[in-house]
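Residue numbers (our numbering), protein chains in the order written: chain S, 1014 to 1224; chain H, 534 to 763.
Quick caveat, the hints were computed from the structure, so don't treat them as lab data. Careful, some of the hints might be misleading.
In the DSS-like style, the derived pairs of lysine-lysine whose C-alpha atoms are separated by at most 27 Å in a straight line are [claimed, not checked]:
| # | chain 1 | residue 1 | chain 2 | residue 2 |
| --- | --- | --- | --- | --- |
| 1 | S | 1081 | S | 1197 |
| 2 | S | 1110 | S | 1081 |
| 3 | H | 708 | S | 1110 |
| 4 | S | 1050 | S | 1081 |
| 5 | S | 1081 | S | 1181 |
| 6 | S | 1109 | S | 1081 |
| 7 | S | 1181 | S | 1197 |
| 8 | H | 708 | S | 1050 |
| 9 | S | 1188 | S | 1081 |
| 10 | S | 1188 | H | 713 |
| 11 | S | 1081 | H | 713 |
| 12 | S | 1188 | S | 1109 |
| 13 | S | 1197 | S | 1110 |
| 14 | S | 1197 | H | 713 |
| 15 | S | 1081 | H | 708 |
| 16 | S | 1181 | S | 1109 |
| 17 | S | 1188 | S | 1110 |
| 18 | H | 708 | S | 1109 |
| 19 | S | 1109 | S | 1050 |
| 20 | S | 1050 | S | 1110 |
A short, non-exhaustive set of chain S residues, derived as facing chain H with CB atoms under 10 Å [stated by the list, open to error]:
| # | residue |
| --- | --- |
| 21 | 1054 |
| 22 | 1181 |
| 23 | 1199 |
Residues of chain H clear of chain S, computed beta-carbon distances all greater than 12 Å [stated by the list, open to error]:
| # | residue |
| --- | --- |
| 24 | 557 |
| 25 | 582 |
| 26 | 585 |
| 27 | 586 |
| 28 | 587 |
| 29 | 687 |
| 30 | 691 |
| 31 | 696 |
| 32 | 697 |
| 33 | 702 |
| 34 | 703 |
| 35 | 717 |
| 36 | 719 |
| 37 | 720 |
| 38 | 724 |
| 39 | 732 |
No residue lacks a Cβ here, since even glycine has one placed at the ideal position from N, Cα and C.
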Amino acid sequence: MSQQKIAAPKAASETQLIARAQSGDEEAFAALFEMHKRRVYSLCLRMTGNTAEAEDLTQEAFLQLFRKISTFRGESAFSTWLHRLAVNVVLMHLRKKVPQQISLDETDSSQDEPVKRDYGDNDRRLLGSIDRISLSRAIDELPPGYRAVFVLHDIEGYEHNEIAEIMKCSVGNSKSQLHKARLKLRDRLRQNEGLMAPPEPVVSDQPATER
Amino acid sequence: MKEIRQERTPACYQFALELEAYMEGEKEPFVPAHAHECAFCRVILEDLEALRSAARALPLEEPSPAVWSNIRAQLVAAGAFGERVGFWNWFGQLDFLPRPVPVAAFACLLLLGCLVTVPRTYLEHQATPELSALPASTPTRSMAFAGDSGTLERAVRELEETFRAREGSLSPDLKATYEKSLNSLDASIRECNDSLEREPDNSLAHEYLFAAYSQKAQVLSSALELDEGR
Chain S
1014 MSQQKIAAPK AASETQLIAR AQSGDEEAFA ALFEMHKRRV YSLCLRMTGN
1064 TAEAEDLTQE AFLQLFRKIS TFRGESAFST WLHRLAVNVV LMHLRKKVPQ
1114 QISLDETDSS QDEPVKRDYG DNDRRLLGSI DRISLSRAID ELPPGYRAVF
1164 VLHDIEGYEH NEIAEIMKCS VGNSKSQLHK ARLKLRDRLR QNEGLMAPPE
1214 PVVSDQPATE R
Chain H
534 MKEIRQERTP ACYQFALELE AYMEGEKEPF VPAHAHECAF CRVILEDLEA
584 LRSAARALPL EEPSPAVWSN IRAQLVAAGA FGERVGFWNW FGQLDFLPRP
634 VPVAAFACLL LLGCLVTVPR TYLEHQATPE LSALPASTPT RSMAFAGDSG
684 TLERAVRELE ETFRAREGSL SPDLKATYEK SLNSLDASIR ECNDSLEREP
734 DNSLAHEYLF AAYSQKAQVL SSALELDEGR
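Please build the complete structure, drawing on both the sequences and the hints.
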């Protein structure tokens, strides 16, 4: 499909495109794909951390969209509906792939350690040094469960109650996993930038005197 | 660079405990107050806030063109698109060919030749009252193809030859899907040709034959597009 063919129906409203796509109009479906492909693909990419998997899942999401578009009644925004469909496609894939890794109810003891203390002066912070590539790489390195909650909340803007419903966990669990994911990301970014000099955190058994 | 070494205080433990809630927007006045006093906890808080902002600002990524090619190929092979393919749309499918302009020009010349050479009596025979009520282009277009099935057949055969030459690069599943779709269309084409042998003037059979060839061209072109997208 050439870009020209896809661009032509862009002017039409999304509602019209949806109606045409529901009746099997290829150009309308192509236009809907053009409108939403980046968001769906980005979601798939962030959730999997793998371009090939993300492309396969984007493909699967749009094939499912075509199969289900006749059931869309406009009760929610089309983008919300499609996005939710894509999230479900990705989660199904992740559950099949590594079922134990995206269970939010499992305790990851490695994440329960207290907040790490860093050496160095207080100017050595991540602030201003988080570039897109290093952040994307650090997100890719997160365990799938953490990654899913972080992507859904901090990147895609889902609320914890929505994440809890999607991931079939409690709201508290979603919040907890998000916080751990952020801390882990911070650690990764600092390690990547050499900001954390010693590997072990300094935690005194005896509380120090107040600074 | 001056290095500051500090140890965890009870206040730092409390900060760590309340940080999650604070980041979720809950009122935890201790967190910012402690961060103001403790350089290390302040860095943690600022880092997490910077992370959150950076995550929100991540740009959307662009999928490769192969994604659409794959989706379209699967939908076409499954016969998902209900709209009938028009004449010029069919020509649009030729744009993947190495020399689309000469091919399209050649096809146009052949069609023009056929229009000129279709016997006048044949045109008059087709001009039934029902057809004359339709826009002028409709019967003419149908009859052009009625007199030119050989041209269309040759064009599709050329597509099929290209497809056969490249089909080895398709995955077995996809290849099987295309084969199934092509076999079904070939069966339709055979049926139409059988009908036309019995009734050469059957306009409906001509229409169906054109539709079957058009669909076959579309399936083949989508397969070739897919192959090129790899």
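How the hints compare with the structure:
1. S/1081 with S/1197: The hint is violated at about 38 Å.
2. S/1110 with S/1081: The given pair, whose Cα atoms are some 24 Å apart, holds under the 27 Å limit.
3. H/708 with S/1110: holds, 26 Å
4. S/1050 with S/1081: holds, 17 Å
5. S/1081 with S/1181: Given that 27 Å is the threshold and the Cα spacing comes to 23 Å, the pair holds.
6. S/1109 with S/1081: holds, 22 Å
7. S/1181 with S/1197: holds, 23 Å
8. H/708 with S/1050: holds, 25 Å
9. S/1188 with S/1081: The hint is violated at about 32 Å.
10. S/1188 with H/713: Not satisfied, since the Cα-Cα distance of roughly 50 Å exceeds 27 Å.
11. S/1081 with H/713: holds, 24 Å
12. S/1188 with S/1109: holds, 24 Å
13. S/1197 with S/1110: Given pair residue 1197 of chain S, residue 1110 of chain S holds - Cα atoms ~23 Å apart, limit 27 Å.
14. S/1197 with H/713: violated, 50 Å
15. S/1081 with H/708: This hinted pair holds, its Cα atoms lying about 25 Å apart.
16. S/1181 with S/1109: holds, 16 Å
17. S/1188 with S/1110: With Cα atoms ~24 Å apart, residue 1188 of chain S and residue 1110 of chain S stay inside 27 Å; holds.
18. H/708 with S/1109: Given pair residue 708 of chain H, residue 1109 of chain S holds - Cα atoms ~26 Å apart, limit 27 Å.
19. S/1109 with S/1050: The hint holds at about 24 Å.
20. S/1050 with S/1110: Judged against 27 Å, a Cα distance of about 24 Å means the pair holds.
21. 1054: With Cβ-Cβ at 4 Å, under 10 Å, it holds.
22. 1181: Hint violated; residue 1181 of chain S Cβ to chain H Cβ min 20 Å, cut 10 Å.
23. 1199: holds, 5 Å
24. 557: violated, 6 Å
25. 582: violated, 8 Å
26. 585: violated, 6 Å
27. 586: The claim breaks: residue 586 of chain H does not keep its Cβ more than 12 Å from every Cβ of chain S (closest is about 8 Å).
28. 587: violated, 4 Å
29. 687: holds, 24 Å
30. 691: holds, 20 Å
31. 696: holds, 18 Å
32. 697: The claim stands: residue 697 of chain H keeps its Cβ more than 12 Å from every Cβ of chain S (closest is about 23 Å).
33. 702: holds, 17 Å
34. 703: holds, 15 Å
35. 717: holds, 17 Å
36. 719: At about 22 Å from chain S, residue 719 of chain H clears the 12 Å cut-off, so the statement holds.
37. 720: holds, 22 Å
38. 724: holds, 23 Å
39. 732: holds, 31 Å
Hints 1, 9, 10, 14, 22, 24, 25, 26, 27, 28 from the earlier list are contradicted by this structure; the remaining hints agree with it.
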